[in-house]
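Protein chains in written order, with the working numbering: chain A, 4 to 333; chain B, 4 to 333.
If you are wondering where the hints come from, they were derived from the structure by calculation, not from laboratory data.
Fair warning: there could be bad hints in the mix.
[Unchecked claim] Straight-line C-alpha distance at most 30 Å; calculated BS3-like pairs for lysine-lysine:
(1) A:K249 / A:K320
(2) B:K81 / B:K249
(3) A:K206 / B:K41
(4) B:K138 / A:K204
(5) B:K204 / A:K320
(6) B:K41 / B:K320
As the structure is a computational prediction, the values presented were derived from the model and not from experiment.
There are 2 protein chains.
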Amino acid sequence: MTKREVIEQLLPKRLPAPCVSATAFAPANIALCKYWGKRDPELNLPTAGSLSISLGKLGSEVTLAPRAGRDRFALNGKLVAPESSFARRAAAFLDFFRPTSDFHFEVTAHNTVPTAAGLASSASGFAALTLALNKLFGWKLERRQLSILARLGSGSACRSLFDGFVEWHAGKAASGMDSFAEPLKFNWPDLRVGLVMISDKEKSIGSRDAMQHTRDTSPLYAAWPETVTRDLAELKTAIRTRNFTKLGEIAEGNALAMHATMIAARPSVLYWLPGSVEAIHAVHALRAEGCEVYFTMDAGPNLKLLFRKADVRCVVKEFSDLQVVAPFSA
Amino acid sequence: MTKREVIEQLLPKRLPAPCVSATAFAPANIALCKYWGKRDPELNLPTAGSLSISLGKLGSEVTLAPRAGRDRFALNGKLVAPESSFARRAAAFLDFFRPTSDFHFEVTAHNTVPTAAGLASSASGFAALTLALNKLFGWKLERRQLSILARLGSGSACRSLFDGFVEWHAGKAASGMDSFAEPLKFNWPDLRVGLVMISDKEKSIGSRDAMQHTRDTSPLYAAWPETVTRDLAELKTAIRTRNFTKLGEIAEGNALAMHATMIAARPSVLYWLPGSVEAIHAVHALRAEGCEVYFTMDAGPNLKLLFRKADVRCVVKEFSDLQVVAPFSA
Chain A
4 MTKREVIEQL
14 LPKRLPAPCV
24 SATAFAPANI
34 ALCKYWGKRD
44 PELNLPTAGS
54 LSISLGKLGS
64 EVTLAPRAGR
74 DRFALNGKLV
84 APESSFARRA
94 AAFLDFFRPT
104 SDFHFEVTAH
114 NTVPTAAGLA
124 SSASGFAALT
134 LALNKLFGWK
144 LERRQLSILA
154 RLGSGSACRS
164 LFDGFVEWHA
174 GKAASGMDSF
184 AEPLKFNWPD
194 LRVGLVMISD
204 KEKSIGSRDA
214 MQHTRDTSPL
224 YAAWPETVTR
234 DLAELKTAIR
244 TRNFTKLGEI
254 AEGNALAMHA
264 TMIAARPSVL
274 YWLPGSVEAI
284 HAVHALRAEG
294 CEVYFTMDAG
304 PNLKLLFRKA
314 DVRCVVKEFS
324 DLQVVAPFSA
Chain B
4 MTKREVIEQL
14 LPKRLPAPCV
24 SATAFAPANI
34 ALCKYWGKRD
44 PELNLPTAGS
54 LSISLGKLGS
64 EVTLAPRAGR
74 DRFALNGKLV
84 APESSFARRA
94 AAFLDFFRPT
104 SDFHFEVTAH
114 NTVPTAAGLA
124 SSASGFAALT
134 LALNKLFGWK
144 LERRQLSILA
154 RLGSGSACRS
164 LFDGFVEWHA
174 GKAASGMDSF
184 AEPLKFNWPD
194 LRVGLVMISD
204 KEKSIGSRDA
214 MQHTRDTSPL
224 YAAWPETVTR
234 DLAELKTAIR
244 TRNFTKLGEI
254 AEGNALAMHA
264 TMIAARPSVL
274 YWLPGSVEAI
284 HAVHALRAEG
294 CEVYFTMDAG
304 PNLKLLFRKA
314 DVRCVVKEFS
324 DLQVVAPFSA
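With the hints as constraints, model all of the structure from the sequences given.
Encoded structure:
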């Protein structure tokens with residue numbers, strides 16, 4: 004099935020743009036159980052479910068307005084070249100929603116995540132873009148449907164439609180109509196996320212390509228989907244019973260298993276830098292000393308720490324530049 | 004089956020010690036396809052086969068002599084405390100071979116591998132000890148049988164009975180009588196091994212425990228035995244056809260897959276230090292520049308490089324402290 008067919012199912016009538024502009028915000032999200040492997044690369048349908056936590060006020064704000072002539076993109080106050088990866092991906096997504104072929108957009112995006120924090124902005128960006136489209140065209144779609152649309156732009160964007168803990172259901176349908184995100188009805192006020200910056204250099208291989216290459220060549224990938232299924236179930240139990248130790252252990256173990264599948268790919272995909280390994284050992288040393296902190300990592304060299312309010316001091320003592328986020332006290 | 008039962012099969016009659024002392028040497032070996040997981044921890048029987056290269060003159064020399072009173076151990080010219088791990092493992096192995104319970108040994112061992120090279124000495128040590136026992140007691144056993152005996156001391160010791168490329172057959176028998184090493188009849192004069200020292204600190208977890216913990220807890224371990232089977236077959240083809248690129252790719256991929264299974268263990272076993280990751284990226288950068296070098300790693304932070312004589316210069320330029328070994332020109 005193609006993206007266009009999915010979109011036509013969700014948006015049977017295309018409405019003209021009713022207002023001058025629309026602005027929407029979506030939070031960044033960090034997966035505690037990772038999305039790593041697609042069963043359908045066209046529709047970004049995952050092999051297995053995943054679970055994330057949204058970062059409150061850290062995310063992307065997107066303003067959309069009709070524009071004559073051609074699309075124009077601005078990011079964090081600067082115009083972005085149309086041939087940049089950012090503009091091309093956004094334009095390709097917007098192509099599906101133009102009321103007429105000569106309709107163009109003015110896209111103004113702001114990331115409230117410091118770029119230096121090393122957080123992926125494509126998830127919050129595509130989520131905010133989808134929300135802004137919904138407003139601009141007056142679709143009045145439900146969040147669940149918007150989550151499906153956002154997924155077509157970037158898989159993990161479907162999770163950025165919600166706050167707090169969010170589960171993305173893998174689904175089984177070829178159309179992906181059952182592959183959407185929804186929030187878990189649990190909050191956790193004293194939970195903290197800490198962003199550890201190791202490097203903000205461009206990655207040598209993007210996460211899309213790394214995911215596909217790992218799936219295609221890593222001899223250990225065969226054991227990954229089952230790992231996720233088990234981790235996801237245990238993580239939901241940990242959240243329901245507010246068992247922080249379990250949550251931390253599973254999240255850290257799941258992230259390491261994901262990186263392990265990449266490290267074993269042929270050739271290897273090693274996002275870790277010397278500083279990543281130093282930080283991993285530092286987290287383990289803190290835990291051995293009784294400061295209960297865990298980490299997760301995405302397709303890059305940076306760490307995201309998980310700890311509780313009571314341990315902020317001992318964590319910040321080790322990681323002095325840490326940016327601390329309180330996902331449930333936004 | 005117990006070690007004693009295996010030994011009684013191989014040595015039906017126990018002979019008195021016929022000579023005053025016996026000295027033997029065995030080379031260190033580096034696995035290109037790793038031994039990682041036991042089907043029988045008592046007899047050190049592996050889940051899968053493995054393949055190594057012996058390091059010529061780098062290894063262990065052991066002298067055995069009868070001694071009145073109690074055992075005495077010396078390593079590299081220094082007496083070793085009986086309660087040390089070295090003395091206890093050696094004494095436990097020697098227990099199987101004492102003609103009478105009041106027979107004791109004087110054990111004098113020298114490693115010709117610089118300790119700082121970070122090479123495991125238990126393989127060459129137990130291999131040399133087994134060879135010295137064979138001489139001391141006049142067993143006149145074949146190398147294949149000695150390989151079985153050495154395995155009872157330390158699994159990978161069975162490969163150190165031979166020079167050059169050596170295959171350790173996994174075997175199927177409960178007795179392990181079909182789990183021995185034998186040399187491959189191929190040499191490769193311009194092959195070089197380079198020892199990169201990252202750290203000589205004691206490891207936080209020994210390889211025996213790490214192996215067992217990984218097998219028991221790593222969700223990715225399930226895919227390991229099949230990986231080894233495939234790698235072993237391809238490695239033998241690479242050696243037979245003298246395809247260095249293939250040899251390097253498989254050896255590096257196999258080592259990374261082994262480390263990946265450990266990294267994914269719960270809790271994680273991360274032998275890598277910041278310097279290990281720096282060296283891995285340096286190897287990849289050298290390859291990208293046309294200097295064809297690969298690496299392998301054992302249960303520790305150090306790298307062993309694989310390259311050919313023609314590339315010694317470009318490798319040593321990057322790794323200035325490299326100790327270069329020519330396994331086939333000893």
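Verification of the hints:
For the given pair, K249 of chain A sits about 24 Å from K320 of chain A by alpha-carbon distance, which is consistent with the 30 Å threshold. With a CA separation close to 43 Å, the supplied pair K81 of chain B and K249 of chain B exceeds the 30 Å bound. The suggested pairing of K206 of chain A with K41 of chain B is violated, with an alpha-carbon distance near 38 Å, which exceeds 30 Å. At most 30 Å may separate the alpha-carbon atoms for a hinted pair to count; K138 of chain B and K204 of chain A exceed this at roughly 61 Å.
Between K204 of chain B and K320 of chain A, the direct Cα distance comes to roughly 26 Å. Compliance with the 30 Å bound is thereby established for this hinted pair. Simply put, K41 of chain B and K320 of chain B have alpha-carbon atoms about 39 Å apart, too far for the 30 Å limit, and the pair is violated.
The structure fails to meet hints 2, 3, 4, 6 from the earlier list, while all remaining hints are met.
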